[in-house]
Structure formats: structure tokens, C-alpha cells
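Participant: This is what each chain is made of:
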Amino acid sequence: MSQERVIESHGLTKQFGDNLAVNGLDLSITQGTIYGFLGPNGCGKSTAIRMLTGLLEPTSGAVTLFGQPIKHHEESLKQRIGYMTQKFSLYDNLTVLENLRFVASIYGLGRQQRKARIQELIQLYELGALTKQLAGAMSGGQKQRLALACATLHQPELLFLDEPTSAVDPENRRDFWEHLFDLSDQGTTILVSTHYMDEAERCHALAILENGHKRADGTPQQLMNDMPATVFETQGPQLRQLKQQLVSHPEILSAAQVGTRLRVLVNKTCAQPATLLHTLGAEYCFDEVRPSLEDVFVANTGGRHVG
Amino acid sequence: MWASLVRIWAVAIKELKQLSRDRVTFAMIVMIPLVQLILFGFAINTDARHITAGVVDYAQSHTSRALVQTVQASQTVSFTESYYSPQEATAAIIRGDIKAVLVLPHDLDRRIALHAKTLTQDPAHTLDEPIGQWLVDGSDTLIAATVRSLRNMPLTDISNTVAPKPPVTFEVVQWFNPEQRSVVNIVPGLLAIILTMTMILFTSAAIVREREQGNMEFLINTPIRPFELMLGKITPYVFAGLIQVSIILLVGHMLFAVPIRGGLLSLFGAALLFICASLTLGLVISTVAKTQLQAMQLTVFVLLPSILLSGFMFPYQAMPELAQWLAEGLPATHFMRMVRAIVLREAELSSLEPDALWLVGFTLIGLALASLRFKKKL
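If you're matching them up, the sequences are chains A and B in order.
Heads up, the final residue of the first sequence is numbered 307 in UniProt numbering, and it's a clean run with no missing numbers.
Heads up, the final residue of the second sequence is numbered 378 in UniProt numbering, and it's a clean run with no missing numbers.
No lab work stands behind these hints, which were simulated from the structure alone.
Positions of the beta carbon are idealized from the N, C-alpha and C atoms, including for glycine.
Mixed in with the good hints, there may be bad ones.
Far from chain A by the CB rule (all over 12 Å, computed), these chain B residues [as the list claims (entries may be wrong)]: (1) Ser20; (2) Trp175; (3) Glu321.
Selected chain B positions facing chain A (in silico; Cβ < 10 Å) [stated by the list, open to error]: (4) Arg7; (5) Lys17; (6) Asp22; (7) His62; (8) Asp109; (9) Pro223; (10) Ile224; (11) Phe227; (12) Lys377; (13) Leu378.
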């Protein structure tokens with residue numbers, strides 16, 4: 001995989017009135033990577049993506065795509081990037097085929113090329129039975145496949161996906177990610193935003209965003225290793241009560257019930273976490289477990305982040 | 001260049017397909033001109049007839065009843081009520097029951113006799129002692145003028161005298177509409193009004209709709225240029241407009257016998273210029289408005305002056321200079337002038353150059369303005 005930097009941003013900031021939507025975002029994403037933005041709703045994921053595509057003028061900071069500053073090059077860069085919006089943005093009252101044809105013409109594909117490419121996409125995204133269906137009458141998963149087909153129709157080198165799977169079931173999500181890995185395999189760089197942990201875990205690298213700040217970034221494994229907390233689990237009666245006891249202690253970052261177990265995050269600055277837990281909940285047995293991405297997310301957000 | 005044309009064509013086809021699936025809008029293209037033309041063609045009439053009137057008859061004689069019959073027979077007024085006193089009749093006018101009242105005095109028979117005598121002997125003194133009086137609700141100038149026209153009504157049947165014809169100062173020859181039917185002037189005018197309304201309405205929503213339905217975010221991420229989008233957007237509606245012109249002219253000709261004297265080529269040429277100007281005006285509105293509702297409100301804001309100032313309702317020459325300047329700014333004024341000239345006075349498009357050039361200029365400036373205002377940003 002080549003190490004060409006496809007997206008670079010420095011101090012990218014967007015202010016809406018008093019609200020800082022994105023605050024000093026630095027990014028460096030290499031070619032062929034699937035890069036994730038993980039964060040809750042309203043954390044600035046969409047705003048960041050809109051600035052990276054050139055749709056939104058940043059308040060300060062700069063974006064460079066393919067080594068070219070995006071400012072003043074928006075139009076020439078548009079042929080090289082694809083964008084799948086959060087909300088379905090194709091035409092509800094056009095059929096699948098009409099939507100595809102429209103997008104192909106807008107991107108300037110020739111007649112022969114257009115026909116071949118549309119045929120290819122229809123097959124790839126299993127839209128064959130739906131070509132005459134109005135887009136507005138399709139299910140969430142079908143709409144998403146059409147949107148991806150339209151976003152990739154002109155074979156962009158860089159693809160932005162803004163919460164692409166928020167309206168589809170898990171089965172469709174799996175298939176969708178298979179398509180993304182295929183695209184990545186062909187060299188497409190993909191930036192995807194999500195608030196699902198399992199999706200974030202599939203990314204090659206990701207950034208955790210909160211209130212416009214990047215709290216942490218790296219590969220999922222890196223993030224788990226560098227996590228500023230140690231994870232323990234315990235079982236037993238009256239876990240709700242135990243939880244209340246634990247979270248009141250400043251060294252406990254979080255305690256959350258998962259089924260019959262209680263998952264506890266203890267700050268890494270605590271030298272003897274096992275001893276601390278033993279004193280807090282004497283009658284329980286705490287086991288140190290492997291951190292998950294959700295633990296990383298929790299440890300890094302909600303004012304618990306370190307640094 | 002070629003890519004540009006392909007994109008304009010793609011937008012136009014897309015618009016046309018969306019239009020064909022939007023039954024209501026599609027029906028509007030045909031039904032608005034049809035319904036409005038029939039409605040207004042019959043309804044708008046500047047010759048006031050059968051004005052509701054009352055009578056206060058103090059004479060209560062054979063002659064007074066004959067006089068009322070004679071006035072009624074003129075069809076100008078139609079007597080529906082009778083009152084005992086002018087006060088009572090005035091109250092009825094205030095209530096709005098009647099528009100005018102005819103007061104006939106006690107000595108009506110004497111006055112008629114005198115009237116007949118002076119008419120034949122000394123025509124200059126006829127009005128020294130008129131035979132009756134009209135009290136009119138003069139707030140509507142059209143109705144007042146109509147009743148005023150009864151002032152010198154001949155009374156040949158009643159007084160058995162033949163009034164000498166008053167001397168003529170000027171002879172007036174009425175060209176192009178000798179029977180003075182207002183519908184002849186109204187139908188070509190309606191063409192301008194209906195086109196203004198539908199054309200601006202169609203495109204004023206065009207850009208806003210894309211924004212409201214969420215298509216804009218995708219569209220501005222494609223290489224499409226603003227002027228390509230604008231041109232593509234108006235193309236299908238140009239044809240919609242030409243269909244409307246055909247409907248109005250055909251129905252106007254068949255139903256209201258409005259003559260089409262000028263060449264059809266000139267007529268459709270002028271209509272085409274006006275359609276383009278109105279569509280671009282709608283586009284400019286569309287780039288200003290944030291929602292479809294705002295677009296609608298702005299459309300009405302343009303529509304009302306177009307109806308009132310363009311010369312459709314009131315003669316352009318009768319307006320003060322400031323209003324005339326304002327009217328010059330509206331495409332409807334120029335088209336109103338052109339269409340009446342072509343349809344009624346057999347003018348050619350080439351002889352209406354200033355108005356035609358103005359519409360062309362309006363279209364070009366409008367397109368440029370809409371394209372410049374349209375930013376490919378959120």
C-alpha cells in the first residue's frame with residue numbers, strides 16, 4: 001500500500017455563532033485507508049466531513065486533498081471525490097435507473113461508458129430487480145445501496161460516507177462493509193463516520209470525536225493498548241448498588257452493566273487498581289479483561305479523557 | 001462545452017421526469033390557463049350593466065311608471081326596490097342594497113312637458129329644471145360613470161317629441177374593437193397574467209425544493225456548474241409555457257371570438273421571450289428564498305404588481321410616472337404591450353424591438369444573477 005497522503009488537515013475549525021462545531025482538527029490519512037470518525041450525535045462529524053469535501057468554508061485551518069489545497073480547487077477535486085450524505089439525497093421520484101443515469105451524465109460519462117458502468121454497479125449492488133422502482137419507495141438498505149452506487153459511479157479515489165448505515169439492519173450493514181473493503185482493496189481511500197462501535201472496529205484507523213475535539217486517534221488496536229484505563233469485570237447480586245458505590249470514587253472512570261456483568265474502567269494513573277476495587281466492593285471478585293472499543297470510547301469522552 | 005450541454009440536458013430530462021410524475025403540477029399546466037381564462041373571460045367586464053337601483057316615485061303617475069320602464073329597458077340599471085323618501089333610499093345605498101336611486105318629483109308630468117318644449121325651442125336650457133335626479137354611490141368610478149351616461153337619455157317614447165341630435169365636435173372611429181367588447185382586450189392580457197403566475201411559480205420553487213428535499217447536498221458535490229443547473233431547470237418549463245400559450249389562444253379564439261390578427265410566429269416569438277424572462281425571475285427568487293413557502297410569498301409579491309401595473313387592469317398611460325417606471329421593470333408590462341399589439345393590431349415582432357430587447361436583456365441578467373447567487377456551498 002502506497003503511503004501517499006490523501007487527506008491532510010491542520011487546525012481545521014468551524015464556528016457557528018457561539019458554537020464551536022469542530023475545533024482544531026488535525027488529520028493525516030494515507031491512500032487506501034478506511035478511516036473512521038467515531039462520536040456521538042452532534043460531535044461535529046458531519047461538519048468535519050463537509051469541510052473536507054469543500055462544501056463548507058472552515059472558520060480557520062486548511063484542508064489538503066491529494067496534496068492540493070482544497071481552497072480554489074473545489075471544482076477540479078469534485079471529479080476525484082465521492083460523497084454519500086447522511087440523509088438520502090437522490091431523487092425520490094426518479095427510478096433507480098433514472099437516478100443512476102442522471103448522476104452518470106452529471107459526471108460527464110460518455111454514452112458507452114455510462115451504460116457499461118451502470119450495468120456494472122447494478123450487478124455489484126444487487127439493484128437488478130429494482131431498476132424501475134422509484135427510489136422513494138425503497139427500503140433503507142436498498143436506498144443505501146443506490147446511494148453508494150451513485151457516490152462511486154465516477155470511480156472516485158476518495159470516498160466520504162456520512163453515517164452510511166444509520167438506517168439499515170445489521171445484515172445489510174455487514175454486506176455494506178464488504179463493499180467498502182472491496183473499494184479499499186482497489187485503492188479507494190474511505191472516510192466514514194459512525195456512532196456504532198462494531199463499525200468503528202472495522203476501520204483501519206479512526207478518530208474519536210467529542211464536542212468538536214479529536215479525543216484520540218489511531219488503529220483500533222493502538223487505541224485499546226493506549227487506553228488511559230484498565231478494564232475489570234465482575235458478577236454477583238445487586239450490581240446496580242455496586243455501580244453507585246463505584247462511580248462515586250474519582251479513580252473509577254465508569255461502571256456499566258453488560259448483561260449479568262458489571263464492566264468497570266479504572267484510571268491508569270491508579271497504581272493498584274485491583275486493590276482499589278477490592279476495598280470498594282469487598283464481597284465481589286474483579287477480573288481484569290481485554291478492553292473493547294467501547295471502553296476506549298468511554299474512557300476518552302464525557303470529560304473523562306486524560307490530556 | 002460538450003460536457004456542459006450533456007449536463008444541461010441531464011438536468012432538463014430529470015426535471016421533465018419529475019414533472020411528469022407530479023400529477024398536480026402537470027394538471028396545473030393545463031388547468032390553470034383553462035379555468036382562469038374561462039372564468040375571467042366571462043367575469044371581467046368593464047361595461048357595467050344591470051346596476052341595482054331603487055326608485056323614489058313622488059309623482060305616482062302613469063308617466064312616472066312609464067319613465068321607470070324606459071330607463072329599465074336601457075339595461076343600464078335594473079330597479080329592484082322602491083322607497084318612500086330619499087333618506088330611506090340613502091340608507092339602502094349605505095347598506096349596499098342598491099348602487100343608485102332615481103328620485104322622481106311630484107310635478108314630473110309638468111317637467112316633462114316643459115322639457116319637451118325647451119328641447120325643441122331652446123336646447124341650451126334643458127337642464128335648468130331636470131325631470132328627475134339620480135343619487136349614486138360614486139365610490140366606484142365605473143358605476144358612477146355608467147349612471148352618468150343616463151344624463152342625456154332621450155325621452156322620445158314618453159314626451160312624444162323627437163329630440164334634435166346634439167351637434168358633433170369630433171367623430172370617433174374605434175379601430176380593432178369596433179363593438180367595444182372588453183373580452184377582446186382581456187384575453188391577450190390574461191395570457192400575460194397567467195404566464196407570469198405559472199412560470200414564476202414553477203421555477204421559484206425549483207432550487208429551494210432541491211434544498212428542502214435534501215438533494216442539494218449531493219448535487220453541489222458533483223462537477224455541475226451553476227449556470228448549467230439553471231438552464232437545465234428552465235428548459236422543460238419553456239415548453240410548458242408554450243403549451244399554455246396555445247391553450248389560451250385557442251380557447252380565447254373559440255369561446256370568446258378573440259381575433260388573432262398578427263402572425264403566429266411573431267406571437268410565439270414574443271411569448272417565448274416572455275416565458276424565458278419570467279422563468280429566470282422565478283430562478284432569482286429561488287436563490288433568495290430559503291423555503292418553498294418563502295418562494296411562494298415572493299412570487300405573490302411580484303405577481304400583484306404584474307396584474308395591477310402592467311396595463312392589464314388599468315391603462316398604462318393613466319398611471320403616474322413613478323408607477324410607470326416601476327411597471328417598466330416588470331416583464332409582464334412589456335409582454336402585455338407586445339401581445340396586444342400582435343394579437344389585436346397585427347403588429348410584427350420586428351416592430352416591437354424595444355420591448356423584445358428588454359425581455360432578452362432581463363433574461364440574460366436574470367440568468368447571470370441566479371448563477372452568481374447560487375453558491376456550491378452549504
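Participant: Hint by hint, say whether it matches the structure.
Facilitator: For each hint, the structure was consulted:
no., hint, result
1, Ser20, "10 Å, violated"
2, Trp175, "51 Å, holds"
3, Glu321, "46 Å, holds"
4, Arg7, "6 Å, holds"
5, Lys17, "6 Å, holds"
6, Asp22, "7 Å, holds"
7, His62, "75 Å, violated"
8, Asp109, "78 Å, violated"
9, Pro223, "5 Å, holds"
10, Ile224, "5 Å, holds"
11, Phe227, "13 Å, violated"
12, Lys377, "6 Å, holds"
13, Leu378, "5 Å, holds"
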